[in-house]
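J.: Following the hints, position chain B against chain A.
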Amino acid sequence: MRTRSSFISPLSWSFFTLLLASLATLAQSSKAGKSASSTGDSVLVIVEPTKQAEYSIFLHGLEKKGYAVTIRAPKADNPLLIEDGLPNFSHVVLLASDTKNFAQDISPQSLVQLLSLGTNLVLTLGLKQNMLTSLAPEFSLLLPPPATPLVSFFPERADSPSMIPIDVSRQSIPNDILSVFPSQVTGKVWFSGTAFALNSNPLLFPILHAPLESFAADLTDASGLVSDALADASEKGGEGLWAGSSLSVVAGFQTLVGGGTGHGADAGLGENDQARAVWVGGSSLFSDEFAKKQVVEKIQQERGMKVVENPSGNKQAALEIAGWAFQEKGVLRIDEVTHHKVNQTGLVEMYTTNDEIVYTTRISSFNPSTRKWEPYSGLKDLQLEFTMLDPHVRTALLPVKGKTGLFFSHFSSILSSSPPLLTGTYSTTFRAPDRHGVFKFVISYKRKGFTHLHHTLSVPVVPPRHDGYPRFLSAAWPYYAGAISTSIGFLIFCTIYVAGEAKEEKKSKKE
Amino acid sequence: MPPKLSTQSSGNKPSLSVHTSPNTLNPTTSFSTKPSSSSATLSLSSSLQTLLKTYTTQTPPQLKFIDSFLLFLVLSGVIQFSYGVLITGFPFNAFLAGFSSTIGQFVLTASLRQQVNPENRLEFKEVGRERAFADFVFGSIVLHFFVYNFLG
Chain A
1 MRTRSSFISP
11 LSWSFFTLLL
21 ASLATLAQSS
31 KAGKSASSTG
41 DSVLVIVEPT
51 KQAEYSIFLH
61 GLEKKGYAVT
71 IRAPKADNPL
81 LIEDGLPNFS
91 HVVLLASDTK
101 NFAQDISPQS
111 LVQLLSLGTN
121 LVLTLGLKQN
131 MLTSLAPEFS
141 LLLPPPATPL
151 VSFFPERADS
161 PSMIPIDVSR
171 QSIPNDILSV
181 FPSQVTGKVW
191 FSGTAFALNS
201 NPLLFPILHA
211 PLESFAADLT
221 DASGLVSDAL
231 ADASEKGGEG
241 LWAGSSLSVV
251 AGFQTLVGGG
261 TGHGADAGLG
271 ENDQARAVWV
281 GGSSLFSDEF
291 AKKQVVEKIQ
301 QERGMKVVEN
311 PSGNKQAALE
321 IAGWAFQEKG
331 VLRIDEVTHH
341 KVNQTGLVEM
351 YTTNDEIVYT
361 TRISSFNPST
371 RKWEPYSGLK
381 DLQLEFTMLD
391 PHVRTALLPV
401 KGKTGLFFSH
411 FSSILSSSPP
421 LLTGTYSTTF
431 RAPDRHGVFK
441 FVISYKRKGF
451 THLHHTLSVP
461 VVPPRHDGYP
471 RFLSAAWPYY
481 AGAISTSIGF
491 LIFCTIYVAG
501 EAKEEKKSKK
511 E
Chain B
1 MPPKLSTQSS
11 GNKPSLSVHT
21 SPNTLNPTTS
31 FSTKPSSSSA
41 TLSLSSSLQT
51 LLKTYTTQTP
61 PQLKFIDSFL
71 LFLVLSGVIQ
81 FSYGVLITGF
91 PFNAFLAGFS
101 STIGQFVLTA
111 SLRQQVNPEN
121 RLEFKEVGRE
131 RAFADFVFGS
141 IVLHFFVYNF
151 LG
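Those sequence lines, one after another, are chains A and B. Position 53 of the first sequence, counting from 1, maps to 53 under full-length UniProt numbering, and the rest follow consecutively. Position 107 of the second sequence, counting from 1, maps to 107 under full-length UniProt numbering, and the rest follow consecutively.
Keep in mind the hints are simulated off the structure, nothing from the lab. Honestly, I wouldn't trust all of these hints.
[As the list claims (entries may be wrong)] With a cut-off of at most 30 Å between alpha-carbon atoms, the simulated DSS-like pairs for lysine-lysine come out as follows:
#1 A:LYS380 with A:LYS446
#2 A:LYS306 with B:LYS125
#3 A:LYS507 with B:LYS64
[What the hints assert, rightly or not] If you want a taste of the chain A side facing chain B, the calculated C-beta under 8 Å gives, among others:
#4 PHE450
#5 LEU473
#6 TYR480
#7 PHE490
#8 GLY500
Bear in mind the structure is a predicted one, so any value in this text is a computation, not a measurement. Just so you know, even glycine gets a beta-carbon here, dropped at the ideal spot from N, CA and C.
So here's chain A without its partners, still in its complex pose:
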């Protein structure tokens, strides 16, 4: 990290404000230190002391990624989640899914407050009702009745039907949703716990679906009665049955607040105030038992079936799920926004109606492997709106190849020895509407799994000045000719009239 003094000395005053803004962003990024997260290193894991050893692989994996893990028992008083109005940790993982009573400061209210303060949460649901099952509906999760775990009899296996291997690679993910699991997650992921349906909340998206053949049922009844529950449900036309791949076992929630560059007064809250929450149907997904458990698969071959034992994908999947929650991936940031008239440079205080405006922005994405913000040109559906109450212009903001922002190219060449960055710039040119008023440039990019980008910048659009209109139009030549001929006629009239008067005077004098 560069020092402050080496920044200021070579810079002229005009860059000073920009510098301050960049310092703010640098300060923000400096929060992301050793760990792969873009928002902080400290993790609080709330887990029953007796079960702490069950999650050693997951916790060790977190520490390996650079996180500072603190363990707290659910009923312990320390360390506090929020102290003096500030969160104590960057991320909180609640693995105590079956705990009934928590310490006083661990409440649904405090968890929501943590989110609004920018702390990321990983929340696991249990089969019994507790604080988290009552909090889940606030996130638009629809839970099945208590004590009805997800059950599947496919594929055929020796394990309990509530212990389900889920194939990550077969999950279909729409294009506009970030795929949380990269292709490196191989093998099936063991899951045991409750599944949930997702309400139509735009902030909520499924990370891992339940298998197609699975359903929620009560297994504590006499064994074998599960099928009776299915038969009952089918008699009712499937009503009340929680089944199928529309259920999710892991879901992500991206909070709405924040966005902006941190530049200027109307840049909004910093993007670091956007927090993420992950809901996991069962804490056992993170457990050592499932990480080590082999997945028995029968592969059809020429000479009959072959039984293959593959390692499960739980270890990596757990880290990927936590990684999304801890803002390692899908993290975007607007670095800079500039706008100017076509064929002109420099910022403009106001635009005239029908001006051609060039709007340019630079967007960075956090790279968890290098742990740095890198220019990101991957957004294909970014849009710019030019709004006054309604969007008067809504246009695509497309990535620009081989060009950096106007200011930044200058800026970076001064500040760093690195060559100007070639990507991450998005630009568009549009005509200002034939309407005057205070307009706003609005970027509002909300895609599931990605940080929401929101940036507004207001500019006045004024009508042309009195001398800004076109003059002496060809259509008006008859009028010009009329006025000129009247004047010439007036002059001729005066001369002849005066001459006539003079003659008459002479005449009268002679007489």
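T.: Chain B only, in chain A's frame:
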């Protein structure tokens, strides 16, 4: 204002009411002695002829010169107005400037004509010929100042 003719009526004064040119109203000379031809068109054309004749003979040349300027202004105004109505009134400020310059000049010239008319000498006793012309020139200059400011 159509001249209302009452040739049938007894009076040997066909009451020509042409207010714009009061000098032509000369009851003794303008009396054309042709009481025949009851048809209205004939009487109209004859009276127009009389009007023209009287105008050419009776009007001083100076007033005739003023009238020719007035005629030019009327024609210019009509052309501009019809262009504005039929083709384009845009830009409207140019139309207003051009059209109102003809109207304003017409009004000023008409006032000049009234004041220098020997017939109206009694009415404008205190306004001399020089004074009337100076008023006319001053008014016109002010008018043209505004017109050219408004034109472009």
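J.: Hints first: check each against the structure and report whether it holds.
T.: Do the hints match the structure? See the list:
{"no.": "1", "hint": "A:LYS380 with A:LYS446", "result": "holds (13 Å)"}
{"no.": "2", "hint": "A:LYS306 with B:LYS125", "result": "violated (132 Å)"}
{"no.": "3", "hint": "A:LYS507 with B:LYS64", "result": "holds (19 Å)"}
{"no.": "4", "hint": "PHE450", "result": "violated (51 Å)"}
{"no.": "5", "hint": "LEU473", "result": "holds (6 Å)"}
{"no.": "6", "hint": "TYR480", "result": "holds (6 Å)"}
{"no.": "7", "hint": "PHE490", "result": "holds (5 Å)"}
{"no.": "8", "hint": "GLY500", "result": "holds (6 Å)"}
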